[in-house]
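To convert, note that position 85 of the sequence shown is 1358 in my numbering; the numbers rise steadily by one, no gaps.
One should not assume that every hint holds.
[Stated by the list, open to error] What follows is a list of derived Cβ distance ranges for each label pair:
| # | residue 1 | residue 2 | range |
| --- | --- | --- | --- |
| 1 | E1382 | K1469 | 40 to 50 Å |
| 2 | I1309 | S1398 | 15 to 25 Å |
| 3 | N1476 | E1438 | 17 to 27 Å |
| 4 | T1360 | Q1318 | 41 to 51 Å |
| 5 | V1474 | G1422 | 47 to 57 Å |
| 6 | G1422 | Q1318 | 36 to 46 Å |
| 7 | E1438 | K1377 | 47 to 57 Å |
| 8 | D1459 | S1323 | 45 to 55 Å |
| 9 | K1411 | M1464 | 22 to 32 Å |
| 10 | S1473 | M1394 | 15 to 25 Å |
| 11 | E1320 | K1377 | 55 to 65 Å |
[To be verified] In silico lysine-lysine, DSS-like type, Cα no more than 27 Å apart, as pairs:
| # | residue 1 | residue 2 |
| --- | --- | --- |
| 12 | K1419 | K1385 |
| 13 | K1368 | K1314 |
| 14 | K1385 | K1363 |
| 15 | K1314 | K1377 |
| 16 | K1314 | K1378 |
| 17 | K1331 | K1385 |
| 18 | K1411 | K1331 |
| 19 | K1411 | K1469 |
| 20 | K1377 | K1413 |
| 21 | K1314 | K1363 |
| 22 | K1413 | K1385 |
| 23 | K1419 | K1331 |
| 24 | K1419 | K1458 |
| 25 | K1413 | K1331 |
| 26 | K1363 | K1413 |
| 27 | K1469 | K1368 |
| 28 | K1363 | K1331 |
| 29 | K1419 | K1378 |
| 30 | K1413 | K1469 |
| 31 | K1411 | K1378 |
| 32 | K1368 | K1413 |
| 33 | K1458 | K1413 |
Source of the hints: derived by calculation from the structure; they are not laboratory data. Computed from a predicted structure; not experimentally measured. Glycine included, C-beta positions come from ideal geometry on N, C-alpha and C.
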Amino acid sequence: NINVTSALMQQANAGDGENQTNNGIQDADLTSNATINIVLKSPAQGENVSCSYDLVFKWDGASGNNYTSGSNGYSTLDTDTTNGVGTNHKYYPSKYYVRTGYDKKEEHEGFKELTVSVSSMTYTSASDVSGSSGDDVKEKNIDEFKLGGEGSDSITLMSDEIATEETTGAHIVYTIEFKFYNLDKDQSHLMNKNFKGTVSVENVEC
1274 NINVTSALMQ QANAGDGENQ TNNGIQDADL TSNATINIVL KSPAQGENVS CSYDLVFKWD
1334 GASGNNYTSG SNGYSTLDTD TTNGVGTNHK YYPSKYYVRT GYDKKEEHEG FKELTVSVSS
1394 MTYTSASDVS GSSGDDVKEK NIDEFKLGGE GSDSITLMSD EIATEETTGA HIVYTIEFKF
1454 YNLDKDQSHL MNKNFKGTVS VENVEC
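Please build the complete structure, drawing on both the sequences and the hints.
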């Protein structure tokens, strides 16, 4: 849940430099974290079991009011959500968020504004004694994740798998982090907007 208030935007832009990024200043209050713990146990010691699944981010209903085609100064916006803009057409407008500069067809490589990242730790037993880093989703602007289809309010962040031969089980802890960056651009169309959603485990196959 990130609430982009005008006060926070001004506070962040007047920051002390410790939160400087490559394209703006990001205040701590404009960061939100959540964790998910995936657990799997074998029904018998030595019997291998595995499950695949997706981590899916779903916008809440109120976030749908953040953007409406033709408003908020984006009267010339190309709303083609199939082709997008940018290298390899990676960036997509939606009713939830349109990044600053989209209507000008700017190239957005490395452009951070509203981002999501996923880091994980895979534990080989239920004791938390040992573990290893899993495959992560590096920080990406959220419009790199295309909505799941016409009318969809969800985004698949990543697909993964868990496996074990232990009756004590194995588990993976995911940390999902969202950030909003203040840029040296006019972001007034995003001021006083709330960006909120949940991350859940979907499409489980075992």
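Comparing the hints with the structure gives:
no. : hint                         : verdict
1   : E1382 with K1469: 40 to 50 Å : violated (27 Å)
2   : I1309 with S1398: 15 to 25 Å : holds (19 Å)
3   : N1476 with E1438: 17 to 27 Å : holds (24 Å)
4   : T1360 with Q1318: 41 to 51 Å : holds (50 Å)
5   : V1474 with G1422: 47 to 57 Å : violated (19 Å)
6   : G1422 with Q1318: 36 to 46 Å : holds (42 Å)
7   : E1438 with K1377: 47 to 57 Å : holds (55 Å)
8   : D1459 with S1323: 45 to 55 Å : holds (49 Å)
9   : K1411 with M1464: 22 to 32 Å : holds (28 Å)
10  : S1473 with M1394: 15 to 25 Å : holds (19 Å)
11  : E1320 with K1377: 55 to 65 Å : holds (57 Å)
12  : K1419 with K1385             : holds (16 Å)
13  : K1368 with K1314             : violated (40 Å)
14  : K1385 with K1363             : holds (14 Å)
15  : K1314 with K1377             : violated (51 Å)
16  : K1314 with K1378             : violated (49 Å)
17  : K1331 with K1385             : holds (20 Å)
18  : K1411 with K1331             : holds (19 Å)
19  : K1411 with K1469             : holds (20 Å)
20  : K1377 with K1413             : holds (20 Å)
21  : K1314 with K1363             : violated (38 Å)
22  : K1413 with K1385             : holds (7 Å)
23  : K1419 with K1331             : holds (12 Å)
24  : K1419 with K1458             : holds (24 Å)
25  : K1413 with K1331             : holds (16 Å)
26  : K1363 with K1413             : holds (11 Å)
27  : K1469 with K1368             : holds (13 Å)
28  : K1363 with K1331             : holds (19 Å)
29  : K1419 with K1378             : holds (17 Å)
30  : K1413 with K1469             : holds (17 Å)
31  : K1411 with K1378             : holds (24 Å)
32  : K1368 with K1413             : holds (19 Å)
33  : K1458 with K1413             : holds (19 Å)
Hints 1, 5, 13, 15, 16, 21 from the earlier list are contradicted by this structure; the remaining hints agree with it.
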